[in-house]
Every structure is written in structure tokens, then in C-alpha cells.
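**Student:** What follows is the residue order along each chain.
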Amino acid sequence: MELAEGKLELRERQRLEGHMDRVWSLAWNPVTGVGGVPAMLASCSGDKTVRIWQQGPSGSFDCTAVLEDTHTRTVRSCAWSPSGKLLATASFDATTAIWEQIGSDFECVAMLEGHENEVKSVSWNASGSLIATCGRDKSVWIWEMQSDNEFECVSVLQGHTQDVKMVQWHPFIDVLVSVSYDNSIKVWAEDGGDDWHCAQSLGEASSGHSSTVWALSFNEHGDRMVTCSDDLTLKIWDTSENPSQASGDGYGPWRHVCTLSGYHDRTIFSVNWSSEGLIASGAGDDAIRLFAENKDNPLREVDGPSYSMVLKKKAAHVMDVNSVQWNPKDPRVLASASDDGLVKIWELTGLSQ
Amino acid sequence: PKIARMVTGLINANPVVYERKERRLRSSPAVVDEDIKDPEHPYSLEELKVVTEDSIEVDDNQSYVRVTFTPTVEHCSMATVIGLCLRVKLMRSLPSRYKVDIRVAPGTHATEAAVNKQLNDKERVAAALENPRLLEMVDECLAATYV
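Just so you know, the sequences run in chain order U and B.
Per this note's numbering, residue 1 is the first one in the first sequence, and the count goes up by one each step.
Per this note's numbering, residue 1 is the first one in the second sequence, and the count goes up by one each step.
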């Protein structure tokens, strides 16, 4: 990927109105937007609802379903199963709901209960057999899907000392990452049997963050991870080694690569890595920023990889940007969600092949 | 959980009460209302010198407000509630473009960093405000400011 310098532009294609409160999170349906299947996006909000947006023949998105009357408090996070058939939604009401698309309707087919209070994030593993949830009760839960939409909790992971903001599975292997208000990043792996354990904890002593870690994202190959924080930095991690094989003698397979500081003025709430290698961040200063690796840096072999900002979209929203998500099937399309109640669809132009 | 604790006894039984100041005319649209009531006393935050005009920093051009408040005692467990009242009041009165930071004055509270972190975590603030008991408590403290 070459960056056509100065020509990179993020153009607002559409604003999706409908939510009555701040929009917290977004998820692109991974099997849509390709082979004639229209692109589909889910958004969730403080208004206790989830909205499904589908692209029509003209290219614009319309709300085709509102998932309501199930969650009784804020819906904080949503995630599609890899098959695109199920949507999981995590709520401050302490539950995670599983929705199945039936025709053009969505039906709640399961409720995952067990967290003491607010659930803050939900994620599916690569095969769709496992779901992870996390929340205010400092724990991370792993659920296994049985047949017929039955879910069984197979592990409750303790280790974080404060509420857990986000969980995300590695794109290929069954390794889970959680980030927390306790400033740490924890890596969880299965140890032979059915037991899960913390394979590595990345804290300030491992060049980690000095305040709340809000989100993480893997790159397309799964060999790098980016995290974002209230400490106003993004951090890049080398995740090329499988931590399941860690011997546990203190050796840390995942390593800090570099820190991107000085770019953000307020808390960074969201970060997402596109399949073309661009990192988008959404922050409390209403801006969306894009970062790319400096591939032609002559000191790369000596100093290791470095990243720099390639675009700053000021006032992308009129309030905090809570979520940025690249369309996995069309890496020139970005969706963003904000406290202003809007979801926006952006198109990236100026990238040469 | 701490933020939701109900008052079970007075944290500061004998607070020093100061005279209300003559208000000067404000030049900015940002108003931190010193009439917010203390959670456990019939006095306003101004009368307890929890907030003063000098503790409020406003940059209208940058749409930025910072309030630095001083809890009445160093171990005041009401600090998060007071901070929450200040945030809610500003959220409701200011145009949405404003960014608001609420902080405890340096050196005035035993768990200053923890209180500041909690008050400025919008997710925890949002969750706290969905708690009906806590919201009721905040509304009671703010009641006098809407007259």
C-alpha cells in the first residue's frame, strides 16, 4: 500500500440518524458487502436499542430493524458471529443477548446471564464456537455454544483488579485479550485441558499504558495488535508468537513495538486496524485519526517499526467519537459512532494501489 | 459501587460554613452553579467552599470547562457524589460541544487519583446515572439550582 501524500481524504458519505442517545459501538456483519449480499452494520446505544443498517441498491444505508424491549439498560457493545447469522449484544443490565436473523426480523434466541452488573464488551472467536464477555465485576467469562443456541459458561477468568472494558479474540487462534480500567492488557489461553489461564499481563512495567485501556484491535495477519488508552497514546504490540506455548517462566511472547504519543488531546475510546494496514482511532476530542507504518524508514531495521499519523479528521462528530470500524470487505469504508447520537459512514480516497 | 453508597452517618459533622459571595456578572455562557447542595448538609457547595469562582476554568473558544473542587475533609467519601453532581449539572446546562473535566484540588483528598479517574470515566458516569437511587440523590443536590 502506498500513501499518496497529502491526497488522503476521509469523505462523509452518510449520517445515520435514529438513535435517541449516545451510540457506543458498531459492528459490520462479516459475510455481507460481498457477492451481491448488501453490507450490514449494527449499532448499539444508551437508548437501550440496537439498530441494523443495510445498504440499498443506491449505496445508502437504511435502518431495517430495531432490536428493542430486551435490554433494560444501555447496550454497550455488539458483535456478529463469524457466520454473520448471530448477533451478540452486551448491556449494562448485566446480560448478553444472542439474536438470530429470521427473514428480515431479529429474534432474541438466548440470554447469557451471570455477570454481577454491567457487561461492557462481547466477542466471538474465529470459529464461532466461543463467546467472551467482560464487565464491571472485573471478570472475563468464556461461553461455549452448544447445539440449538444453548450457551454454557466454561470459564470465569479473574485477574483484573478493576472493571474490564473490552474483550477481543485473536483473528485465527483461540487466544483472548482483555483490557481494563486497571491499565493492564491480559492475554488468556487454553492450557491443554479445558482450563483457561492468563498467559501474559502487559502492564506499565512492560511498556504498557499508564491509564485505562479502552480498546484493542489486531491487524489482518494477527501478528500485531494496537491498544488505545486514557493516557492519550496508542501502543503497537508484536503478537506473532502463540502465547499458548508460553512456558510460564516469566518469558513474555508478546512484546511492545512502539508507542504513538503526542497525537491525541483527550481519551482515545476506539481503535481499529484495516485490512490495508491503516489504523483508525476515535477520541474524546471529536476527531478521527489515521495512522500507517513508515515502511520506507531507513532506521527500521535498527529501531524497529514506527508509525505516524497520515490523516486527522477534525470535528468528525460534534461530540466524542466512541467507535471506529473499518468495513472488513471494503477497507476504504469506515463507520464511526458518537455521543452525538449519530453513526457516520466515511469513504477514504487518495490511496493509490 | 462506592459512588452509589448511601449516607449512613455524617462524614463531616461540623463543616465550616462560609458566607455567600456577591455574584459578579459572568461574561461566559458557562455557569457552574454554586447553589448545588452538599449531599449531607443543608448548605450549598459555595457556602462550604467546595467550589469557588476561582476553581472554575472556562475556555469558551475551545469549548472547555475544568472544575477543581475541594472536599470539606480529606477522607470525604462524598467526593465522588459531589463531583458527579457538578458533572451532571454542567451536562444539563452547557451546550453539548463543551468538554468538561472535573477534578479534586491537588492535595485535598486521600484518594485523589482514584476519585479523578472515576469522575472522568464517562462509561462509569453513564452507568452510575442509570442507578435510580444515585440519580435521585444527585437530583436532590441539584434541585435548588433549577429555581
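FYI, nobody ran anything at the bench for these hints, they're computed from the structure.
Among the hints, a few may not be true.
[Claimed, not checked] Sample of chain U residues with no beta-carbon within 12 Å of chain B, all distances over it, derived: (1) 68; (2) 144; (3) 276; (4) 293; (5) 298; (6) 339.
[To be verified] Derived pair list, reagent style DSBU-like, types lysine-lysine, alpha-carbon separation capped at 30 Å: (7) U:314 - B:99; (8) B:37 - U:313; (9) B:49 - B:37; (10) U:312 - B:122; (11) B:37 - U:312; (12) U:138 - B:49; (13) U:138 - B:122; (14) B:117 - U:312.
Where a beta carbon is used, it is the ideal one built from N, C-alpha and C, also for glycine.
**Student:** Could you run down the list of hints and mark each one as holding or not?
**Tutor:** Evaluation of the provided hints:
1. 68: 16 Å, holds
2. 144: 28 Å, holds
3. 276: 30 Å, holds
4. 293: For residue 293 (chain U), whose nearest Cβ neighbour in chain B is about 30 Å away, the distance exceeds 12 Å, so it holds.
5. 298: 39 Å, holds
6. 339: Given a closest Cβ separation of 8 Å, the condition is violated.
7. U:314 - B:99: 15 Å, holds
8. B:37 - U:313: 41 Å, violated
9. B:49 - B:37: Roughly 12 Å between the alpha carbons, so the hint for residue 49 (chain B) and residue 37 (chain B) holds.
10. U:312 - B:122: 23 Å, holds
11. B:37 - U:312: Violated, at roughly 42 Å.
12. U:138 - B:49: At roughly 36 Å apart (the allowed maximum being 30 Å), residue 49 (chain B) and residue 138 (chain U) break the hint.
13. U:138 - B:122: 18 Å, holds
14. B:117 - U:312: 27 Å, holds
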